[in-house]
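Enquirer: Starting from two chains that each stand alone, build the complex the way the hints lay out.
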Amino acid sequence: MKIIKNSGLIIFLVGLAIFIGTIFSGTFNLKQAELDSFLQEQNYKNTLIKSALQEAAVTNEDLNIFEFSSRVRKAYQKSNDYYDQQIAKYEAEKNWDKKGEQYQYKINGKPHTLSFNLAKKAGKGFVTENPSLAWFLTFGLGIIGALLFILPNLILLGKPGIKNDGIYHDSATNRGFIAWMVLIFLVSFYLVLYFFADYVVNWTFILDPISETLGGRPASQWFVYGFLYCTVMLTMGVRMFIKYRHNKYQIVRTISVLFFQIVFAFLIPEIMASLQMPEYDFKNAFPLDYDFFFEWNLKSLAETGGIGIFILVWGIVLTLVIVPVMVYFFGKRWYCSWVCGCGGLAETLGDPYRQHSNKSLNAWKLERWLIHSVLVFSLVMTLVTLYCYFTGAQSFLGINSQWIKDSYSFLIGAWFAGVIGTGFYPIFGNRVWCRFGCPLAAYLGLVQRFKSRFRITTNGGQCISCGNCSTYCEQGIDVRAYAQKGENIVRSSCVGCGVCSAVCPRGVLKLENGPENGRINPTEILLGNDVDLMELINDK
Amino acid sequence: MEHIVIIGNGISGVTVARHIRKNSDKKITIVSAEHKYFFSRTALMYVYMGHMKFEHTQPYENWFWEKNNIELKKGYVAKVDTENKNLEFSNGTSLTYSKLIIATGSKPNKFGWPGQDLEGVMGMYHKKDLEKLEKHAPDNKTCKRAVIVGGGLIGIELAEMLRSRDIPVTFLVREDSFWNGVLPAQESKMINNHIKEHHIDLRLNTNLKEIKSDELGKVSSIIIEETGEEIFCNVVGLTAGVTPNIDFLKDTNIETKKGVLVNRFLETNIKDIYAIGDCAEQHEAIGQRRNIEAVWYTGRMMGEALAQTICGNKTEYKPGHWFNSAKFLDIEYQTYGWVFSEKNKQENEAYFQWKHPKQHKCITISFDKNSNKFLGINTFGIRMRHEIFDQWLTENKSIEHVLEYLADANFDPEFYSLHEKEIVNKFNIENNTNIQLKKKSWKRIFS
Numbered sequence: 001m002k003i004i005k006n007s008g009l010i011i012f013l014v015g016l017a018i019f020i021g022t023i024f025s026g027t028f029n030l031k032q033a034e035l036d037s038f039l040q041e042q043n044y045k046n047t048l049i050k051s052a053l054q055e056a057a058v059t060n061e062d063l064n065i066f067e068f069s070s071r072v073r074k075a076y077q078k079s080n081d082y083y084d085q086q087i088a089k090y091e092a093e094k095n096w097d098k099k100g101e102q103y104q105y106k107i108n109g110k111p112h113t114l115s116f117n118l119a120k121k122a123g124k125g126f127v128t129e130n131p132s133l134a135w136f137l138t139f140g141l142g143i144i145g146a147l148l149f150i151l152p153n154l155i156l157l158g159k160p161g162i163k164n165d166g167i168y169h170d171s172a173t174n175r176g177f178i179a180w181m182v183l184i185f186l187v188s189f190y191l192v193l194y195f196f197a198d199y200v201v202n203w204t205f206i207l208d209p210i211s212e213t214l215g216g217r218p219a220s221q222w223f224v225y226g227f228l229y230c231t232v233m234l235t236m237g238v239r240m241f242i243k244y245r246h247n248k249y250q251i252v253r254t255i256s257v258l259f260f261q262i263v264f265a266f267l268i269p270e271i272m273a274s275l276q277m278p279e280y281d282f283k284n285a286f287p288l289d290y291d292f293f294f295e296w297n298l299k300s301l302a303e304t305g306g307i308g309i310f311i312l313v314w315g316i317v318l319t320l321v322i323v324p325v326m327v328y329f330f331g332k333r334w335y336c337s338w339v340c341g342c343g344g345l346a347e348t349l350g351d352p353y354r355q356h357s358n359k360s361l362n363a364w365k366l367e368r369w370l371i372h373s374v375l376v377f378s379l380v381m382t383l384v385t386l387y388c389y390f391t392g393a394q395s396f397l398g399i400n401s402q403w404i405k406d407s408y409s410f411l412i413g414a415w416f417a418g419v420i421g422t423g424f425y426p427i428f429g430n431r432v433w434c435r436f437g438c439p440l441a442a443y444l445g446l447v448q449r450f451k452s453r454f455r456i457t458t459n460g461g462q463c464i465s466c467g468n469c470s471t472y473c474e475q476g477i478d479v480r481a482y483a484q485k486g487e488n489i490v491r492s493s494c495v496g497c498g499v500c501s502a503v504c505p506r507g508v509l510k511l512e513n514g515p516e517n518g519r520i521n522p523t524e525i526l527l528g529n530d531v532d533l534m535e536l537i538n539d540k
Numbered sequence: 001m002e003h004i005v006i007i008g009n010g011i012s013g014v015t016v017a018r019h020i021r022k023n024s025d026k027k028i029t030i031v032s033a034e035h036k037y038f039f040s041r042t043a044l045m046y047v048y049m050g051h052m053k054f055e056h057t058q059p060y061e062n063w064f065w066e067k068n069n070i071e072l073k074k075g076y077v078a079k080v081d082t083e084n085k086n087l088e089f090s091n092g093t094s095l096t097y098s099k100l101i102i103a104t105g106s107k108p109n110k111f112g113w114p115g116q117d118l119e120g121v122m123g124m125y126h127k128k129d130l131e132k133l134e135k136h137a138p139d140n141k142t143c144k145r146a147v148i149v150g151g152g153l154i155g156i157e158l159a160e161m162l163r164s165r166d167i168p169v170t171f172l173v174r175e176d177s178f179w180n181g182v183l184p185a186q187e188s189k190m191i192n193n194h195i196k197e198h199h200i201d202l203r204l205n206t207n208l209k210e211i212k213s214d215e216l217g218k219v220s221s222i223i224i225e226e227t228g229e230e231i232f233c234n235v236v237g238l239t240a241g242v243t244p245n246i247d248f249l250k251d252t253n254i255e256t257k258k259g260v261l262v263n264r265f266l267e268t269n270i271k272d273i274y275a276i277g278d279c280a281e282q283h284e285a286i287g288q289r290r291n292i293e294a295v296w297y298t299g300r301m302m303g304e305a306l307a308q309t310i311c312g313n314k315t316e317y318k319p320g321h322w323f324n325s326a327k328f329l330d331i332e333y334q335t336y337g338w339v340f341s342e343k344n345k346q347e348n349e350a351y352f353q354w355k356h357p358k359q360h361k362c363i364t365i366s367f368d369k370n371s372n373k374f375l376g377i378n379t380f381g382i383r384m385r386h387e388i389f390d391q392w393l394t395e396n397k398s399i400e401h402v403l404e405y406l407a408d409a410n411f412d413p414e415f416y417s418l419h420e421k422e423i424v425n426k427f428n429i430e431n432n433t434n435i436q437l438k439k440k441s442w443k444r445i446f447s
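Protein chains in written order, with full-length UniProt numbering: chain A, 1 to 540; chain B, 1 to 447.
So here's chain B without its partners, still in its complex pose (with noise of 0.2 Å):
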């Protein structure tokens, strides 16, 4: 029977094996040195914040797998032999396996910084990280002062963490205003203010220099490198992006870049080999999108598509319209289609814009200056319908649509204060149009 090994247990690893079962009986393993037991990483954030016990994180109960006939090994994989199809672990045993499958994920990126290897420096992503956590700051006596270092999301998670311990946080950001390279000006400055509210301090246009240890190596300040201002801390946080995790298949002969090199089936340049999630590298593009995602939903989709391909039905991966979502800190984030930052503004991309005066509320449409149509729609405090915004986008609607049936879009829950008619008056005295809102209708939200 046909061995299928998978290395990696998190969402793409998970997915793609969960949807090999449903559709064959072949034989499946995952390989993972991490956990034994598929968790939600990103839900690593809140067994520290004490939201959750870390069996929360689990999805499916440890009866599952050998229900399903899905083994798990747990051990780390040192080398890859292609040629024999097989795969050798660092304690000395072996397994063969018929289809490889690599779904390792992601590290932290770490930019040479002197001091990035110290005691009490960490990235915020593996399950060994948040175990540091908990070690060089389990309170705010252990840890006077944590320093984080990168403006992306993992870094507000990170802070927001160590926030709900009362540890005092000071935030280093390179760019001149938090996460402005994704998001519009409006929403990036809403956020700024978001941030110091939770008595985060929030330094912006700064640069790591250097971390420096004490003498039993470990961290005891920083050092910022535009003002040479040293930051006493006892746990630095790096969370400036991620790279793919394949430092294994430096000697293998399989086509890496970046992360693992894989054509639109996810097959790699060697057969019965693929790469899914955030180690996989497209060779071009999809469509405006980047070619290593290291996102939740992309992953997922990998795993959807590879399983389809193993099970015979050959799939390309092609991720439908893009979405994602985010929470900082207590602000919620959707995104659906296309808005660039200003920074990535596309020539022909036009905002509308709203903001509520006093809550932290805001959207972004983005549309097409010449054809007015929609592009995509950022939202900060709403909830919006993916569905809704799906078939918006794949049936091209305009701008004018997309605010006349707006009050189909919302999520929000019951009884919440609905905006549409402000941000439809908004567009309205701005282009000079007269949209008139439209009722929502339960016909055509679930048609």
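Just chain A, same shape as in the assembly (with noise of 0.2 Å):
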């Protein structure tokens, strides 16, 4: 079994080394008539784009992405800059309808975009020609390597019950070496993503294939990340089946949250695109899917006819409606561990690293001021976002609207829930973004809290204080403080994941949607000593 396991993890390696390499691999230079095609989708007005671009990639040398990448910037730089003399010129010279005219000239959109746009036209080579070998050497090895390493786990784990054994003996497990590599390779896969996308196109070249079959387009670099999230929660979710597999609750959950990032999150939205309708993923609640109200997307939705009402419609539902609603009569654990794809990344990808998440008082008190400002602030973006698409304004109360939505998306969507929010995952623990960035879990939880039929119940006297529910909480909730108190748990942070009950060694805890009334029960004196105390003291 350990043989199995060691080859799983060589093999899965390999893969990932093979996944990594491809981006080193190929070559890349534009052909006139590439060049030509691509300016005529872009419809670019300025002709100078052309000329620069034209001299930069159009060549017959073998480019590597980085050497092509960096030409095309520096194209779009050099146009730019031509642009911004002229307005600078004009602007001088008093001459502003010469100065307004120019700003049409401007590419718009990030250098590193329009790189990654000609880059999937340009690249050639091994990974172009052969895409399913080449998934076959990166996707396919690392999935059976990952199987090989997990499955024994059905026999080494012994009979089925809770079996942290050696966690905190493991480097990995333990925030040692292998957890800062994990870290390090996850914080730059997500800054590579967000920020360089055209450095990985190769990673495109290998869906491309399965992209074209699904929505009837090349894969960009987004279809790469939501086909390798599929993958990676199934193969975690693999992991959580034969850890879990005495507990239903974990199983019936996991099958849950793979259910939705699968086919909500993954398919529909693709199959949608290949039928022309906006991309939609109907389980993505506002304000976590913070650019709903973004006016291209109320442009879009506007354009497309019934679909893209009904998706109005929907959306502004699911926000208003079914996510308080089902909040009531469930708790916020029916979208956090059951539907949503963060918290189903976090539940598979992130369980072996759960027990990192800070207890501390003080940890509980910075949650509650960041979670907090992230929902007031994607509030205000959102506001000042509809009244401008209302009013044509630029801005309201002195907020630009470009610079709000521009800030949030950067500093909440790409750095709070990527780069951090997962990448951390390894040191901080698996719920970083769930719990202190989210802004529809604040929401959720002002609902839970406050509204709800959702408590975990503590058995009476019979927590012995141990400490499993505190360290396997993965929102950092000390369990334990309740537990050993008798309390219930009502706590806004909660996601009802469920290993707070599955690692307690004496079943004090149970996830339980009951009647409001005595929800909230604080304990002076535990069950078991005579009922006579009890009541002396509650008269006092």
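Fair warning: there could be bad hints in the mix.
[Stated by the list, open to error] Listed next, the in silico DSS-like pairs over lysine-lysine satisfying Cα-Cα at most 30 Å (straight line):
1. 67(B) <-> 365(A)
2. 163(A) <-> 141(B)
3. 485(A) <-> 26(B)
4. 163(A) <-> 196(B)
5. 67(B) <-> 485(A)
6. 485(A) <-> 327(B)
7. 128(B) <-> 485(A)
8. 5(A) <-> 141(B)
9. 361(B) <-> 248(A)
10. 22(B) <-> 159(A)
11. 248(A) <-> 99(B)
12. 2(A) <-> 53(B)
13. 22(B) <-> 365(A)
14. 26(B) <-> 159(A)
15. 485(A) <-> 314(B)
16. 426(B) <-> 159(A)
17. 163(A) <-> 189(B)
18. 159(A) <-> 355(B)
19. 248(A) <-> 443(B)
20. 85(B) <-> 107(B)
Hints were generated in silico from the structure; no laboratory data involved.
Expert: What follows is the structure, encoded as structure tokens:
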């Protein structure tokens, strides 16, 4: 078994190495015709970019992606610099008409995006020619290796039951060297994906055939991310099934998040795209789906007629009605650990790191400040955006619509949710984003705390304060502090993953949706002492 | 101001301190030689198994004590001067008290086995024991085999710990089935099998004769009394129960037997000195309880009761209905009320038992065979709600009532298979009754 496990690890690492290696493979150069057709698609109004790109990228040289990207970005810079100079010139001349005219010639978007789009056309080499083989050598080996590593646990973990043996003896799960390596990999992955997508354009070539089949278009970096997301969740889901095979709650919950990720977040939007409909993830509620009310989205929904209107209405009903009603009946867990994709990744890929979330009082204070600030930030942004959308103004109460959207997308959407939220799993635990950053979690949490039937019930006086529950709470709740007092746990941050109940050696904790009455039950004396004493205390 | 000094920072000592603080602003000092900050002793096993780090076993952050004005003193009490209300520590310092609470807990039993003090012989009770185990049994290369002597809860936990590092374990149990002085045969047998499933070499009806040492004074093997067999090992765990840890009181006039003798108010024979927890011994047993109860929950309850007395609200220690729980490797166990094993069964006591055909789940409900009054329940692999059973015991419900409303009492996680139907069916067939299982009702559960 150990041999299978180790060879699985090796195969996985080989797959991972090839996956990373593909970045450096292939050659990039444009043919004149390719550039022309690209420029036609883009419909640029300026002619300078054409000559600049022609000079930079139409070549017989075999450039690697980094050289190619650098040349394209220089061309972009050259063109935009020229028009900036023009703008400055007309500004000095106070020739306002001419100045205004110049803006339309500037290339919008990020230089790496232009480079990505061109690289998509310019790429040649092993990966573009053999995508299936490349898929097998990367994704294929990765999956096979991971499964060979995971499946022996069926036997190695022994009899079904909670097996957290050795978690704190293992470098990977105790913030050791391996954990830091994983952190570096994940953080780099997100940085490249969000900010330098052109560098990993080869990954999109691997998935082009699959993307064509599903969505009828070549793969973007977001398709790569979505596909990888589902693959990782499925593979690590297998690990969950084995580890928690004695626990039906965990099995059902894991099936549910896998289903919603693969069908709702991945397949349905792709299919919608192939049908020329707007891509939409029907489970992604605002304000987690923070760009739902951005004008480009509203416009595109308005333009697509019936389905667009349906999505618009659904999105609003989901946030304003379905979310609070469901939280009232089932707690926020119905979303955070049964439906949400971020939660899904946290519960599968992140499960080995759940013990690292900080349980101190200071962390709790920070959490409440941060998450509610993000909620306020997202609401202000949406108000400003909507105001500007309907009135056509640039700003509201002095807040520039574009500025606040860009800041939110950059700070919260990219850095908090991605780079920190997932990248820091191995060190800060698996729910960093859900706990400190997610505006939807904050909203759900407010409902859960004040108007819900959900609570974690503690079983009378049976707690021995061992601390398993607190240690394995991914949301950093000091569950034990409540359990040893016999007090129900009613906290806005609880996502109802059910692991505290699973790891409790005394059967003290149970997730329940009961009557609201008596849900909050501060206790003076725990059950077990004679009732006289309890009456005495309560009468005091 | 009154100065309350508590010796021992286990669950009893810390509970009494916390509750005194809740109700008063008396000066409180907790003395401990083991570790400055309170930790959960029952969780030590999880540190060795790598489920937790030691700091995770501490229920309160380190700032808690200062914030609540509870002084922590590290030191070993060498002498108690009851005349002058003064404690002398082994390092020569001393401390005066107005009221003294002895909460020093237990130490592992040793029955005078030859070799019981050798290197590599240990109990599993103190933090030191864990450190010793880490030293002598860090892995299965250093420790080729361990022998555990004594078939109780600590013994099986120690076996689980060692197995988590793949160390071969031989488990010597004096009885003819594991813990059958406490558990009914059905349960005891199931645990026997489960122990073997975990590849633990369980030896029933087996006593330790002696522990042999190598030339360096370390354990090298043990000899079994019945067969004379020699088992080579590097670690011997002595887990044959515990005794009150009160040697330091030998030369005082505090009355002791096995433990410190206390009355129902937890007072010793000396004014202003009290004892609680594992080290306290009742003159006469309370109900069907033992005079000394080395159980987490009773220690906690004594602390709660004594805090009232200390704060001027003189309160008797009156534990309610008996309850307890444990985990045997993967099998959870809970008990409410009294279920005695066949060995100790009361005259009027009868069992109703159910066992899952395949899984390790079973229950025993004991009831009065004359009146059908429900006496207690043991459950294995099924979690039950404490409050409900407590209420049923108080209200003297019948076994029929318990079965009828069994669904209310289930505390298993959502989606778990329920067995109430099978259980009730079995009872109906055996007793020719027609009990209809009632659907679970939130109203009843939370009323």
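Enquirer: Starting from residue 67(B), check that the Cα of residue 365(A) is at most 30 Å away, please.
Expert: Answer holds: residue 67(B) to residue 365(A) is near 17 Å, not above 30 Å.
Enquirer: Are residue 426(B) and residue 159(A) close enough, with their CA atoms no more than 30 Å apart?
Expert: Holds, at about 28 Å.
Enquirer: Hey, residue 163(A) versus residue 189(B), does the alpha-carbon distance stay inside 30 Å?
Expert: 24 Å, holds
Enquirer: Does the alpha-carbon distance linking residue 248(A) and residue 443(B) stay inside the 30 Å limit?
Expert: Roughly 26 Å between the alpha carbons, so the hint for residue 248(A) and residue 443(B) holds.
Enquirer: Has the given pair, residue 67(B) with residue 485(A), been kept, meaning a C-alpha gap of at most 30 Å?
Expert: Holds: residue 67(B) and residue 485(A) sit about 19 Å apart, inside 30 Å.
Enquirer: Taken at face value, is the distance from the CA of residue 141(B) to the CA of residue 5(A) at most 30 Å?
Expert: 21 Å, holds
Enquirer: Taking only the CA atoms, is the gap from residue 485(A) to residue 327(B) under or equal to 30 Å?
Expert: Status holds; Cα separation ~21 Å.
Enquirer: Are the Cα atoms of residue 26(B) and residue 159(A) separated by 30 Å or less?
Expert: Violated, because 51 Å separates the two Cα atoms, which is more than 30 Å.
Enquirer: Assess, step by step, whether the Cα of residue 159(A) is no farther than 30 Å from the Cα of residue 355(B), and give holds or violated.
Expert: Holds, at about 19 Å.
Enquirer: If you draw a straight line from the CA of residue 163(A) to the CA of residue 141(B), is it 30 Å or shorter?
Expert: 22 Å, holds
Enquirer: Given the hinted pair residue 128(B) and residue 485(A), is their alpha-carbon gap at most 30 Å?
Expert: 28 Å, holds
Enquirer: Does residue 26(B) sit within 30 Å of residue 485(A), going by the straight-line distance between their CA atoms?
Expert: 23 Å, holds
The structure does not agree with the numbered hints 10, 11 and 14 stated previously, though it agrees with the rest.
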